[in-house]
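Chemist: Hey, can you work out the whole structure from these sequences and the hints?
There are 2 protein chains.
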Amino acid sequence: MTDFSATHAKFHIPDGVIYLDGNSLGPLPVAAPERMQKMMTAEWGQSLIGGWNEHGWMAMPRSLGDRIGRLIGAEPGHTVLGDTLSIKVFQALAAAIRMRPDRRVILSDTGNFPSDLYIAEGLVDLLGDGYTLKTVAPEEVEGAIDDTVAAILITEVDYRTGRRHDMARLTRAAHDAGALAIWDLAHSAGALPVRVAAEGADFAVGCTYKYLNSGPGGPAFIYVAPRHAEQAKPALAGWLGHDRPFDFDLRYTPGAGIERMRVGTPPVLQMAALEAALDVWDGVDMDDLRARALELGDRFIAGVEAACPDLVLATPRDHASRGSQVSFRHPDAYAIMQALIARGVVGDFRAPDILRFGITPLYIGEAEIDAAGDTLAAILREGAWDDPAFRTRKAVT
Amino acid sequence: MTDFSATHAKFHIPDGVIYLDGNSLGPLPVAAPERMQKMMTAEWGQSLIGGWNEHGWMAMPRSLGDRIGRLIGAEPGHTVLGDTLSIKVFQALAAAIRMRPDRRVILSDTGNFPSDLYIAEGLVDLLGDGYTLKTVAPEEVEGAIDDTVAAILITEVDYRTGRRHDMARLTRAAHDAGALAIWDLAHSAGALPVRVAAEGADFAVGCTYKYLNSGPGGPAFIYVAPRHAEQAKPALAGWLGHDRPFDFDLRYTPGAGIERMRVGTPPVLQMAALEAALDVWDGVDMDDLRARALELGDRFIAGVEAACPDLVLATPRDHASRGSQVSFRHPDAYAIMQALIARGVVGDFRAPDILRFGITPLYIGEAEIDAAGDTLAAILREGAWDDPAFRTRKAVT
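Protein chains in written order, with the UniProt record's numbering: chain C, 1 to 397; chain U, 1 to 397.
Derived by calculation from the structure, the hints in this document are not laboratory data. Computed from a predicted structure; not experimentally measured. There may be inaccurate statements among the hints.
Heads up, the list lumps identical chains together, so a pair's fine if it works in one copy or across two of them.
[Stated by the list, open to error] Below are the BS3-like pairs computed for lysine-lysine, each with C-alpha atoms no more than 30 angstroms apart in a straight line:
#, residue 1, residue 2
1, K10, K38
2, K38, K233
3, K233, K134
4, K134, K38
5, K233, K10
6, K10, K134
Modeler: Listed below in structure tokens is the structure:
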């Protein structure tokens, strides 16, 4: 049984803060500053260029990739780190559509994170030749899969509402129609058990700075199913995806399997922070985490619904249909969230009317859930959010 | 006049090491660990998600981009950080060829860094439709520019020999033929004065972990000439290049000017190290740096040629035709470099037969140049490199 009081102690949460925004940026692992100092002074400082060999920097995208692979149910050796999630979406899409050369449609849904849609839009615009991005409502994806679809591009958990797609079912529907399935795990990896291999995902991508706690700008990851690993053509054919990068050949030869999804020099400093963050996960069982997150989520929903009749639950109640966040709607959601943050309860706002709370059992327990609910209720009861200071939008939230 | 003894003190060079490999990975700025600790504990640790606003993380790709812009002669507001150099090459190429829709040729040369060629190869393979990458010898680029060429993709300074292209001349030749010029400044930024605006470059890209000393995996940069900034179409249409990323629109609208060359979440931790590294540059005049680098380079060439008759200079003697590194050829270059490193003089090897030495006046002076030459001469005189331990290739060099 996973000991969540032990994991809680492994994060730095500032005094007076209840942090329910780990679905946007995970908190600092206590061990990360020391790991980073070692990277800066002992590795970079002392080994200089030799660090690539002496400290295994070049291998980190694969070794850390496999540690994430465990959390998403990937076969060892088929997950690699690098770049940002948007770049990884581009890589997966470009590879997938070339595996279905007679088809021209990328199918996604309006609940997808906009950057995924933008990247697909950019790719089809670059390619021309009849390629299109078709976007339907989340509940209409399955019915829209037909033999024109090269790939579906689906984010498993909706970034606003926490609504969860059925990965096994949609993947099967895609395969039945001869299409490929690309899964964005931004709000899944580290949030719930994912089984990319067992459920047949063709490609999966995700980021590490949310539930995995790698810090701002931490690298993304990509998984390619073993059955495709030697066929996938890398559109972003960078030297570190070459079969022999240090031969400096003039022609590109893709590396073996997932290696070809590497592009440029990996972000070694960011990976040091990620390494410390992944150490926290070593003792965590994803089924334990899921059970705990649902229990805490239910508790939060019950508490808020009882005390805040003006808030409307945006997250599905059904466990199977939701991720690890709980969201409520209110016309003044922005101001309410600002008032909440001013009292030390940090969630976030998503346009137009969503109050979003990440339920992250690694460092959140009953006490935090209850205190957050009580604070939210007090703010609504007092009308404390109705203040010009809370209504002024910040540039970034 | 730039005070190079002052800049020398701002880098950590391990005891007993003469570091002539800053053209591969710059050394640790003394101020970087403390800046990183502040980022980790005070910014990420204490501000959590609020760091994006409170500490200006979201603005760093532009503000640090402009500090690099000064070093490459860019107009303020037209350089942005992010991703890796390979990704930035892809962005520049994809934008450029779409600005010349009737042309199908990307022209480069065999002296280019292979990743640039691979990225171009990946792009033309993705696009099909007659797009080709044409690669000629470096001295044949100018003659190969014709009205089929959409863009030339040229690395100013050859990563092996240090041979330098004439940016003004090739850019003019490209423009005369109606083509665009993309310059890779990997071995130029921080190595010599670059004048992207004055010399008419259409796009420029580069990395920060070499002469700019941002640490392993530091972010890349891209410059788009102001005259193209509102026309360039971003093929990698990520959300942070959107005009209003936090509106979460379902359709992509490119941001103003260089903003659209942003893709995903910026690497905030890597940028903290870069920020400390750029502080060192504040008092540095690029013309002073260039004069000093050439003086030191000449001294190294003279010393080595006098003492090591078996080494053949690979770098042009002519100042205008070389960058800030000095390279020699020898059939046993690999083993010689390993023997040299074992004695604390760190340069590097590039296949098949190049000994490469970065001349970086920020932390290298006459004493280091003379000691490096003496050590090299001793190794050759003694035949000390002819040892199986030095002949065994490492995976990464």
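Chemist: Enumerate the violated hints, using their earlier numbering and listing them in ascending order.
Modeler: 2, 4, 5, 6
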